[in-house]
Amino acid sequence: MSDCCPGSKTMDFNEDDVQGEDETGARQSQLKQWPIQLHLVSPQAPYFQEKDILLAADCVPFALADFHKDHLKGKSLAIACPKLDSNQEIYVEKITDLIDESKINTLTVMIMQVPCCMGLSQIAKSGADKASRKIPVKQVVVGVEGGQVLSEEWL
Amino acid sequence: MENIMSKDIRAVIDQCPEVGRILEEYGIGCAPCSVGSCLVSDVVGIHGLDPQTEATLMYKMEKALYPDRDVPEPKVDMSKVVPKEINYSPAVKNLVDEHVLIKRMLALIPTIADFVENSETVDKDLVLNCVDFIRGYADKFHHMKEEDILFKYVDEQSEIIKIMYEDHVTGRNHVKNVVEGAENGNKAQVKEHLNGYRDLLTQHIKKEDEILYPWIERQMSDNQIGELFQRCSAADASVGEELPRKYEKFIIDLEEKFAKEN
Numbered sequence: 001m002s003d004c005c006p007g008s009k010t011m012d013f014n015e016d017d018v019q020g021e022d023e024t025g026a027r028q029s030q031l032k033q034w035p036i037q038l039h040l041v042s043p044q045a046p047y048f049q050e051k052d053i054l055l056a057a058d059c060v061p062f063a064l065a066d067f068h069k070d071h072l073k074g075k076s077l078a079i080a081c082p083k084l085d086s087n088q089e090i091y092v093e094k095i096t097d098l099i100d101e102s103k104i105n106t107l108t109v110m111i112m113q114v115p116c117c118m119g120l121s122q123i124a125k126s127g128a129d130k131a132s133r134k135i136p137v138k139q140v141v142v143g144v145e146g147g148q149v150l151s152e153e154w155l
Numbered sequence: 001m002e003n004i005m006s007k008d009i010r011a012v013i014d015q016c017p018e019v020g021r022i023l024e025e026y027g028i029g030c031a032p033c034s035v036g037s038c039l040v041s042d043v044v045g046i047h048g049l050d051p052q053t054e055a056t057l058m059y060k061m062e063k064a065l066y067p068d069r070d071v072p073e074p075k076v077d078m079s080k081v082v083p084k085e086i087n088y089s090p091a092v093k094n095l096v097d098e099h100v101l102i103k104r105m106l107a108l109i110p111t112i113a114d115f116v117e118n119s120e121t122v123d124k125d126l127v128l129n130c131v132d133f134i135r136g137y138a139d140k141f142h143h144m145k146e147e148d149i150l151f152k153y154v155d156e157q158s159e160i161i162k163i164m165y166e167d168h169v170t171g172r173n174h175v176k177n178v179v180e181g182a183e184n185g186n187k188a189q190v191k192e193h194l195n196g197y198r199d200l201l202t203q204h205i206k207k208e209d210e211i212l213y214p215w216i217e218r219q220m221s222d223n224q225i226g227e228l229f230q231r232c233s234a235a236d237a238s239v240g241e242e243l244p245r246k247y248e249k250f251i252i253d254l255e256e257k258f259a260k261e262n
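The listed protein sequences derive, respectively, from chains L and Z. For the first sequence, the residue numbers in my numbering are 1 to 155. For the second sequence, the residue numbers in my numbering are 1 to 262.
Don't take each hint at face value.
Unchecked claim - Restraint ranges, calculated between C-beta atoms of paired labels, are given here: (1) LYS176/Z x LYS103/L: 39 to 45 Å; (2) GLY143/L x ASN223/Z: 39 to 45 Å; (3) ALA259/Z x ARG133/L: 14 to 20 Å; (4) ASP253/Z x LYS130/L: 33 to 39 Å.
Keep in mind the hints are simulated off the structure, nothing from the lab. No experiment lies behind these values; they were computed from the predicted model shown. Backbone N, C-alpha and C fix where the C-beta goes; we use that ideal spot for every residue, glycine too.
Given these sequences and hints, build the entire structure.
Structure, rendered in structure tokens:
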């Protein structure tokens with residue numbers, strides 16, 4: 001792929017830059033449902049009813065070492081890729097259904113800092129705008145290198 | 001430093017006025033505060049400074065209070081500290097937006113007070129309509145959402161929340177005096193308490209927008225933020241859309257009236 005697009009630009013994070021210590025012991029998964037891919041989930045699923053929903057771009061969990069503990073805990077999950085997934089109009093409808101029919105409490109959209117990932121925030125915003133109920137929608141942007149949360153804002 | 005952290009900020013500033021100046025330097029306006037009963041630990045914690053800035057602030061305060069102590073200076077380049085833009089959640093953003101209409105009323109008060117003073121008799125209708133805005137919009141519609149909903153998400157015994165409640169009570173007393181003055185045709189009483197209300201609410205709103213609301217939101221989970229939004233939306237729905245529209249029109253009409261007269 002071309003290096004022009006930040007979303008697919010080749011980057012090699014030098015091992016010397018990796019911070020943190022080796023950890024031992026098993027950590028508890030915070031995933032409480034299946035499936036998780038946005039095309040596969042039903043907005044009417046019981047695990048979405050009146051819950052706080054995390055809509056994460058596919059790459060996000062790999063970038064954040066503590067994704068389960070810091071972001072997934074206490075939330076129901078859907079994942080999607082705004083760059084590669086097809087039929088994204090269905091995603092918008094599903095977000096609307098989650099808000100209106102499953103009466104979700106909040107929607108947090110986690111995306112990578114690359115420009116194409118903003119598409120997922122747009123999907124969430126379009127779905128929320130079409131819904132008759134209103135809920136708080138938050139955008140969290142994750143850095144590609146270093147795996148840090150760069151910004152958090154209510155939209 | 002630990003014992004200072006649990007003291008009232010007013011007592012500390014009285015002991016060492018330089019502390020007030022240092023706080024001012026960091027955008028913490030405790031020195032002119034008339035109450036000053038917040039604990040030093042709350043004052044520092046509530047402003048959500050980044051750790052390095054907070055360490056520098058504490059260092060400067062400690063040096064001012066105890067100049068002979070050997071305290072290592074934290075290394076922070078203040079020129080690189082970028083002020084954080086406040087990002088309110090939707091429910092709190094609505095409360096901040098409601099402040100805008102209240103501030104438009106506050107901006108009119110000096111003109112209204114002068115008008116009352118210079119009129120032959122007190123324009124009772126004008127004064128009581130302003131009181132109706134303060135009671136119906138600022139107090140019932142807005143302050144009740146704070147008292148009945150928002151403040152319940154934090155410790156209501158914390159000094160900062162107690163001060164907010166005291167401000168609300170003091171504001172209601174000013175309004176009571178304005179009504180009494182209007183009923184008795186006492187122009188000086190109306191003017192004094194309208195201006196008193198204006199001064200109080202101006203500081204009160206600034207504290208809420210810049211300090212209190214962000215502090216409360218930092219303590220809330222996403223789940224609570226969603227719940228807060230639904231509860232505030234339900235409270236708004238219970239009074240209907242007409243009430244805020246009616247009071248917005250009142251302010252527009254009042255602005256036009258005094259723009260013409262000036």
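Going through the hints against the structure:
| no. | hint | verdict |
| --- | --- | --- |
| 1 | LYS176/Z x LYS103/L: 39 to 45 Å | holds (43 Å) |
| 2 | GLY143/L x ASN223/Z: 39 to 45 Å | violated (26 Å) |
| 3 | ALA259/Z x ARG133/L: 14 to 20 Å | violated (40 Å) |
| 4 | ASP253/Z x LYS130/L: 33 to 39 Å | holds (37 Å) |
Comparing the model with each earlier hint shows violations of hints 2, 3; every other hint is respected.
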